[in-house]
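K.L.:
Please take these sequences and the hints and turn them into a complete structure.
Quick note, the sequences are listed as chains A and B, same order. If you count the first sequence from 1, position 37 lands on 37 in the working numbering, and the numbers rise without skipping. To convert, count from 1 in the second sequence and add 1000; that's the working numbering.
Hints in this document: simulated from the structure, not taken from any laboratory. Please note that the accuracy of each hint is not assured.
To be verified - Partial selection, computed: residues in chain B whose CB lies under 8 Å from chain A:
1) P1061
2) M1083
3) N1087
Unchecked claim - Result set (DSS-like, lysine-lysine): computed pairs, CA atoms no more than 30 Å apart in a straight line:
4) A/K20 <-> B/K1144
5) B/K1020 <-> A/K110
6) A/K143 <-> B/K1024
7) A/K210 <-> A/K335
8) B/K1282 <-> B/K1210
9) B/K1024 <-> A/K144
10) B/K1144 <-> A/K24
11) A/K144 <-> B/K1031
12) B/K1144 <-> A/K31
13) B/K1144 <-> A/K144
14) A/K144 <-> B/K1282
A quick note: this is a predicted structure, and the numbers were derived from the prediction, not measured. We treat Cβ as the ideally placed atom computed from N, Cα and C, and that holds for glycine.
Number of protein chains: 2
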Amino acid sequence: MGLVVQKYGGSSVADAEGIKRVAKRIVEAKKNGHQVVVVVSAMGDTTDELIDLAEQVSPMPTGREFDMLLTAGERISMALLAMAIKNLGHEAQSFTGSQAGVITDSVHNKARIIDVTPGRIRTALDEGNIAIVAGFQGVSQDKKDITTLGRGGSDTTAVALAAALDAEVCEIYTDVDGVFTADPRVVKKARKIDWISFEDMLELAASGSKVLLHRCVEYARRYNIPIHVRSSFSGLQGTWVSSEPLVRKQQQGEQKVEQAIISGVAHDTSEAKVTVVGVPDKPGEAAAIFRAIADAQLNIDMVVQNVSAASTGLTDISFTLPKTDGHKAIGSLEKAKAAIGFDSLRYDDQIGKISLVGAGMKTNPGVTASFFEALSDAGVNIELISTSEIRISVVTRADDVPEAVRAVHSAFGLDSESDEAVVYGGTGR
Amino acid sequence: MGLVVQKYGGSSVADAEGIKRVAKRIVEAKKNGHQVVVVVSAMGDTTDELIDLAEQVSPMPTGREFDMLLTAGERISMALLAMAIKNLGHEAQSFTGSQAGVITDSVHNKARIIDVTPGRIRTALDEGNIAIVAGFQGVSQDKKDITTLGRGGSDTTAVALAAALDAEVCEIYTDVDGVFTADPRVVKKARKIDWISFEDMLELAASGSKVLLHRCVEYARRYNIPIHVRSSFSGLQGTWVSSEPLVRKQQQGEQKVEQAIISGVAHDTSEAKVTVVGVPDKPGEAAAIFRAIADAQLNIDMVVQNVSAASTGLTDISFTLPKTDGHKAIGSLEKAKAAIGFDSLRYDDQIGKISLVGAGMKTNPGVTASFFEALSDAGVNIELISTSEIRISVVTRADDVPEAVRAVHSAFGLDSESDEAVVYGGTGR
Chain A
1 MGLVVQKYGG SSVADAEGIK RVAKRIVEAK KNGHQVVVVV SAMGDTTDEL IDLAEQVSPM
61 PTGREFDMLL TAGERISMAL LAMAIKNLGH EAQSFTGSQA GVITDSVHNK ARIIDVTPGR
121 IRTALDEGNI AIVAGFQGVS QDKKDITTLG RGGSDTTAVA LAAALDAEVC EIYTDVDGVF
181 TADPRVVKKA RKIDWISFED MLELAASGSK VLLHRCVEYA RRYNIPIHVR SSFSGLQGTW
241 VSSEPLVRKQ QQGEQKVEQA IISGVAHDTS EAKVTVVGVP DKPGEAAAIF RAIADAQLNI
301 DMVVQNVSAA STGLTDISFT LPKTDGHKAI GSLEKAKAAI GFDSLRYDDQ IGKISLVGAG
361 MKTNPGVTAS FFEALSDAGV NIELISTSEI RISVVTRADD VPEAVRAVHS AFGLDSESDE
421 AVVYGGTGR
Chain B
1001 MGLVVQKYGG SSVADAEGIK RVAKRIVEAK KNGHQVVVVV SAMGDTTDEL IDLAEQVSPM
1061 PTGREFDMLL TAGERISMAL LAMAIKNLGH EAQSFTGSQA GVITDSVHNK ARIIDVTPGR
1121 IRTALDEGNI AIVAGFQGVS QDKKDITTLG RGGSDTTAVA LAAALDAEVC EIYTDVDGVF
1181 TADPRVVKKA RKIDWISFED MLELAASGSK VLLHRCVEYA RRYNIPIHVR SSFSGLQGTW
1241 VSSEPLVRKQ QQGEQKVEQA IISGVAHDTS EAKVTVVGVP DKPGEAAAIF RAIADAQLNI
1301 DMVVQNVSAA STGLTDISFT LPKTDGHKAI GSLEKAKAAI GFDSLRYDDQ IGKISLVGAG
1361 MKTNPGVTAS FFEALSDAGV NIELISTSEI RISVVTRADD VPEAVRAVHS AFGLDSESDE
1421 AVVYGGTGR
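P.N.:
As structure tokens, then:
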């Protein structure tokens, strides 16, 4: 039996009862002979309450102090969890991100992990302890200041520790039973995925699936750490994310090797579409547009350009990005308008994106055709199309998204016999 | 203008409004040309809420994790305070006890400071920052674990930092206007003391005055750091505690040099009295009794032994100690009964202690006489008497304490013309 890293989100440790329930689960793993490292998020709404306090004293809470404030949340949950485990007769020690050796850069509120030096964790494990580590936080390499890792930070902490400690598996406990073929709140017949490759999971995450964040999956793939996403409430087997299935599933066994294997349908209504109208169709124009966006520190998602109308020599370039960054993007482009030389900007935040993800898509032309047919049959109009090796995405009206997702899910035979999906509560960080 | 250390208790930073008010006061000191280091306690009831959570997950929260939990409280208040200061246009950085260089022993929940290495604080000050430091916490020298300093910990942090940074003064902001000649809740005519010596303040603290704890005053005396106790609400001059009055007060000027200078009357109803009855009057008996108490890690206060009755060769030994330790003391003595060879134990938790503190008492026999006369006139019976160079204490029935304190206060001319004492709220840690 090897080393296991378990991560519990805020909804799993929302109150004293939750903490005691999680403590029992951790002790089970220890009793089964594992060395156990636990990464824990702040309890339930703690983070929101701290943010609320910060806004009361300062309209613009700044990076360093904001991180110092927020990290109090995990300090509370990890200490309580260690106490609860001790109360079950097992030894446990809690460690801050800094004590656990999570070294980051100095970008407060969204620091990136540079290195993990878990010497104290290793010692605690060797002495027979269960190690509890604060998720979401680290310490900056240069200034030794407390940092936080931003969205999905605790999952990333867990995977990073699993990599540094050469863990057998990183178990991500959440409030759903695993990764589903579609969002169970939209598709009642969504099916839990037993196994999914890192690549497909990355595409799902990039396409709007919220169970695992892109960043955490990317880290796991780089260090080849299998992730097991599962519910802290049900105790069922969840979804394995790894380079190869650890156990060959019947589902895959039945498929012909060359056939496309569809992992699932993801959707995202958090983005807006910007169209730059009347761009001169000559080298350097696209570069100028996206340099302006990059200089504003904005991440974009899809980029689409059609062939230009021969008569005008002008083309349109569209891209999508998080709605929250929309006004910054428009501002940056307006400023650069003269230099770039386009006609006008169009902004639309009533869009949605539907993506089909699966291996072998490119070599199965039928997939694309079936995808469009399904949307057409559902009366959904397509505004943008973008494809990759293992994904096809379209942008539609936001209102059309639920119907479109259900239609595609059904068309690709993903519907389960029963309505099996269960959702337990909110999500942590 | 030199360096000032300011300490704010939990009642001063109970909510966002309190934090903003304190921030303004800090900025004032900075504007007046001081370098400012601020030590802050946890907000209002935070610590109690954390303790409550701990008790929900574990009936016996253990040292290391309990400290990790509690220190989250200061992390929150200090980060918010730094944000509030920045919002007023001044630079501030917050530091945990560990970051501030507060090095302690490894006794969790009541660690003692071994060393203070405030390198990061000095750097922050040199760069023009206001430094905000978490009170009540440190890091253990050997294991690098987070520790807490126990009761009065934040005051001790403040004085320790003031000593290490060679501060001009350590300002302790609280919810009363300073140290009074008696507890204003008991004596309406209690007077604020403008200046008091370390020695008298130590005796007052040891005798039940709660404004400053003994430990903090002791630290300040050792390093000769003047303390200014004052209200964070009123902004008035408070009480200076130092080796010599910084400004000669009229009050002292009027006194004859050889006359006793009474500082005040303190009382304490938190103690119980244990009487060991029928102790053989021979060498080693008292030692055996107090070794048994010491082995149980109990601190005792007064110890009184009368001459033995010649006929029996037996004597009684009485001592007082905190009520909360009473059952432990009885248990320890019962266990050692055979070895020590006493007859029986008597336990009484309905007692109170009244102490008169002031320099020059010993050489003014009238003081003791006047003290006893005042109690007698008030109809108060005396059960135990104990004296030091600058203090005389008696134990009475708990019910008699308020009347006794008022009688003594009046008899020594301490009553003010008006009812000037103001109490603003609860007290922090």
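K.L.:
When the hints from earlier in the document are held up against this structure, which numbers fail?
P.N.:
7, 8, 14
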